[in-house]
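Asker: These are the residues of each chain, in order.
Protein chains: 2
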Amino acid sequence: MSDPHKPLRVGIAGLGTVGAGTVNVLRQNAAIISARAGRPITVTAVSARDRTRDRGFATEGLIWHDDAVALATDDNVDVVVEVIGGAQGPAADTVRAAIRAGKPVVTANKALLALHGAELASLAEEYGVPLGFEAAVAGGIPAIKALREGLAANEIISVSGILNGTCNYILTVMREQGRDFAEVLADAQAFGYAEADPAFDIDGVDAAHKLAILGALAFGQPVDFAALHVEGIRRITALDIAFARELGFRIKLLGIAKRTADGVSMRVHPTMVPEAEEIAQVDGVFNAVVAEGNFVGRVMLMGRGAGAGPTASAVVADLIDIARGRLTPIWGVEGYALGKLPALPMSAHQGAYYLRLMVRDRSGVMADVTAVLRDAGVSLQSMLQHGRAPGESVPIVLVTHETTEGAMMQALSAIANLDSVLEPPALIRIGAA
Amino acid sequence: MSDPHKPLRVGIAGLGTVGAGTVNVLRQNAAIISARAGRPITVTAVSARDRTRDRGFATEGLIWHDDAVALATDDNVDVVVEVIGGAQGPAADTVRAAIRAGKPVVTANKALLALHGAELASLAEEYGVPLGFEAAVAGGIPAIKALREGLAANEIISVSGILNGTCNYILTVMREQGRDFAEVLADAQAFGYAEADPAFDIDGVDAAHKLAILGALAFGQPVDFAALHVEGIRRITALDIAFARELGFRIKLLGIAKRTADGVSMRVHPTMVPEAEEIAQVDGVFNAVVAEGNFVGRVMLMGRGAGAGPTASAVVADLIDIARGRLTPIWGVEGYALGKLPALPMSAHQGAYYLRLMVRDRSGVMADVTAVLRDAGVSLQSMLQHGRAPGESVPIVLVTHETTEGAMMQALSAIANLDSVLEPPALIRIGAA
Chain A
1 MSDPHKPLRV
11 GIAGLGTVGA
21 GTVNVLRQNA
31 AIISARAGRP
41 ITVTAVSARD
51 RTRDRGFATE
61 GLIWHDDAVA
71 LATDDNVDVV
81 VEVIGGAQGP
91 AADTVRAAIR
101 AGKPVVTANK
111 ALLALHGAEL
121 ASLAEEYGVP
131 LGFEAAVAGG
141 IPAIKALREG
151 LAANEIISVS
161 GILNGTCNYI
171 LTVMREQGRD
181 FAEVLADAQA
191 FGYAEADPAF
201 DIDGVDAAHK
211 LAILGALAFG
221 QPVDFAALHV
231 EGIRRITALD
241 IAFARELGFR
251 IKLLGIAKRT
261 ADGVSMRVHP
271 TMVPEAEEIA
281 QVDGVFNAVV
291 AEGNFVGRVM
301 LMGRGAGAGP
311 TASAVVADLI
321 DIARGRLTPI
331 WGVEGYALGK
341 LPALPMSAHQ
351 GAYYLRLMVR
361 DRSGVMADVT
371 AVLRDAGVSL
381 QSMLQHGRAP
391 GESVPIVLVT
401 HETTEGAMMQ
411 ALSAIANLDS
421 VLEPPALIRI
431 GAA
Chain B
1 MSDPHKPLRV
11 GIAGLGTVGA
21 GTVNVLRQNA
31 AIISARAGRP
41 ITVTAVSARD
51 RTRDRGFATE
61 GLIWHDDAVA
71 LATDDNVDVV
81 VEVIGGAQGP
91 AADTVRAAIR
101 AGKPVVTANK
111 ALLALHGAEL
121 ASLAEEYGVP
131 LGFEAAVAGG
141 IPAIKALREG
151 LAANEIISVS
161 GILNGTCNYI
171 LTVMREQGRD
181 FAEVLADAQA
191 FGYAEADPAF
201 DIDGVDAAHK
211 LAILGALAFG
221 QPVDFAALHV
231 EGIRRITALD
241 IAFARELGFR
251 IKLLGIAKRT
261 ADGVSMRVHP
271 TMVPEAEEIA
281 QVDGVFNAVV
291 AEGNFVGRVM
301 LMGRGAGAGP
311 TASAVVADLI
321 DIARGRLTPI
331 WGVEGYALGK
341 LPALPMSAHQ
351 GAYYLRLMVR
361 DRSGVMADVT
371 AVLRDAGVSL
381 QSMLQHGRAP
391 GESVPIVLVT
401 HETTEGAMMQ
411 ALSAIANLDS
421 VLEPPALIRI
431 GAA
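Chains A and B, in that order, are what the protein sequence lines are. When we follow full-length UniProt numbering, the leftmost residue of the first sequence carries the number 1, and every step to the right adds one. When we follow full-length UniProt numbering, the leftmost residue of the second sequence carries the number 1, and every step to the right adds one.
Calculated from the structure, these hints are not laboratory results. The reader is advised that the hints may include incorrect statements.
Among the chain B residues that face chain A by a calculated CB cut under 7 Å, a handful are [what the hints assert, rightly or not]:
id : residue
1  : Ile32
2  : Pro142
3  : Phe295
4  : Val299
5  : Val316
6  : Gly332
Using N, Cα and C, we set each Cβ at its ideal position, and we do this for glycine too.
Using the sequences and the accompanying hints, generate a full structural model.
Answerer: Here it is, written out as structure tokens:
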């Protein structure tokens with residue numbers, strides 16, 4: 001490791017899209033990477049279950065392990081790249097084995113870090129090895145480096161953004177084409193922008209994994225996935241997107257980690273973002289991360305959050321840091337300096353709300369609804385109802401002034417119980433990154 | 001330097017906005033900076049001409065040097081922060097003296113780096129000391145770190161952006177308020193967004209200094225300011241901004257460094273940017289940097305490009321890197337690995353053009369103009385002429401298809417010589433970051 005003339009020998013555990021992409025980046029850009037790393041970075045070993053599949057690169061000369069843990073302890077491997085994925089099983093075993101063998105690890109595994117990052121960081125610190133995870137958040141965007149090193153002079157007030165390209169793609173197509181969620185999801189699956197099992201993406205879990213990592217870095221505390229409030233985009237309808245447009249908003253799945261005087265709030269949910277906000281313009285599969293520091297103000301980074309090239313670019317950036325000996329504590333500060341701010345529950349959230357009801361069009365409905373809001377202490381900013389259809393189901397949209405989540409939830413359950421309200425109300429928080 | 005428990009002692013040469021801002025960041029965020037740097041970073045010495053001025057921080061306990069070179073060689077200083085400014089004189093002397101004394105240097109001085117960066121980088125490499133300059137480009141945006149480390153796995157195809165907040169502010173206000181350049185400049189000076197002598201900003205020199213630095217980093221070659229083509233915004237009129245809006249463009253002062261098969265093109269000039277482009281939305285004093293890599297694709301970074309807080313944030317980020325021992329060669333690779341791609345002259349540029357003429361409104365004018373364009377081999381994409389005013393001066397706007405700068409300049413000089421063309425034509429290149 002410390003001899004600057006020796007090649008850095010990399011073992012890649014997992015040869016899916018990102019693993020194969022990493023081999024390709026290291027080979028295609030070998031000359032420039034070697035100059036920037038100060039020495040060659042070469043893949044010496046790989047592991048994957050199926051040896052026969054064509055992965056788009058030549059495997060001659062590579063040591064092949066069926067067992068990723070065996071790769072991690074192979075003497076021909078200086079650094080282990082873990083791109084198996086999954087929070088448990090072989091991915092976790094491989095990372096732990098590599099650290100215990102004193103080998104630096106680079107991983108793109110956000111689930112692993114969000115759920116076991118605190119333990120793995122302690123282990124890596126105990127063994128004195130770096131654990132790189134630039135690729136785990138926002139793909140090719142150097143968000144981890146920017147937050148942990150570039151903005152290190154600042155107390156971070158908030159970090160937030162569009163952290164899942166699948167959701168952003170679906171919401172963008174729904175808006176541009178006026179189509180409904182299920183249909184656009186099916187297309188996204190056909191085009192390879194969404195997984196066959198899309199739950200991790202569309203239920204907000206993937207974005208929440210990334211936000212948990214960003215929050216730990218921003219606020220210098222152990223990653224704590226359980227503290228997050230998480231909602232996905234399954235219930236967003238073409239109707240709500242049309243109303244958002246009329247009101248001057250765009251609906252984005254945002255992850256928001258914010259520090260207040262009382263503690264830290266971390267949440268992932270669909271958000272009505274004023275369309276003049278920069279982040280409202282980030283469309284398609286692009287990701288964006290916005291960090292606010294007490295001296296730098298707001299900095300936004302934007303780029304591709306997934307895909308072989310962008311993700312492998314981030315993996316190799318970590319390898320170059322390791323080759324150069326550029327070391328940074330995993331959460332920005334050593335373990336002893338980590339803090340723990342109180343986690344604010346979602347019920348403490350304050351903000352404005354968009355509420356869309358399907359009601360029977362008859363006199364007195366609005367009086368009932370507004371009475372409930374008044375009784376809960378929620379004040380209205382505006383109301384939309386288009387056309388008339390006596391006796392039929394029609395949408396009513398209400399936009400509140402800033403209120404508390406507690407008051408809003410109380411009002412929501414009373415409204416849902418009104419006779420004239422025909423479907424469960426749709427509620428979307430108004431906000432920005 | 002290498003004892004991790006000893007404070008890193010900083011000497012600050014120059015106590016203007018950035019120097020005073022750096023003291024304030026180091027003091028106000030001392031606890032968090034110390035945790036992230038692994039040891040305290042303390043200001044021990046300062047230099048400035050006038051000791052009596054109130055700079056907004058307590059100077060008790062600081063060693064005061066009248067001569068910045070003396071500060072650079074003070075044994076109580078481990079690292080020198082040069083924020084005097086200017087490409088010659090005390091700034092250059094201070095940086096050279098510090099390097100020769102074996103001390104790391106952090107500077108916000110883009111002029112110094114653009115004009116003497118090649119020499120200073122060689123000197124720093126010879127003495128084995130880091131030379132940090134995150135603050136020299138795009139203020140608080142960690143553009144240098146992102147390009148040099150975050151995207152290090154990529155061959156960089158282009159780097160470009162909005163690099164001068166003063167120009168972007170003036171162009172934004174001109175567009176929003178329909179006012180002319182001179183008037184908006186005077187306001188910007190009154191508000192402190194433009195210097196009393198605004199030439200460096202509005203003539204594009206400041207943006208060009210920053211682009212020269214980004215280009216050197218992106219393409220791994222010694223900084224070469226003389227290779228840049230530079231135009232400013234003095235000749236942009238409210239009329240051109242109105243036509244831009246009609247054509248679906250926004251006028252931005254862009255710096256663009258691009259690699260082609262033939263070499264590298266680096267240029268700063270007002271650009272008609274399609275308004276759907278992300279960078280067209282970057283308004284006011286904000287800066288943005290867009291880098292394109294062969295694997296990562298396009299990454300954009302946005303934030304405040306000037307001001308005490310953002311610039312000091314970047315200075316202190318460099319100090320934290322130095323305190324942690326995170327070292328990177330100045331241009332991303334060691335001196336022996338620097339290359340030198342041919343610099344493409346502006347005459348080799350290819351692109352589309354916006355051309356606005358003031359002509360006498362009489363029959364045959366368009367025939368004359370289009371004949372000249374045809375003879376130069378330039379083909380037209382569209383033409384605008386509003387209203388009629390027989391015998392009077394009226395504007396005509398022409399938008400060309402892609403052509404060469406050489407052909408366009410030939411056509412331009414012939415058009416300027418036509419009897420019916422009453423003023424020097426306005427030419428603005430069409431493009432994007």
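Asker: Give me the numbers of the hints this structure contradicts, sorted from smallest to largest.
Answerer: Hint check: nothing fails, all pass.
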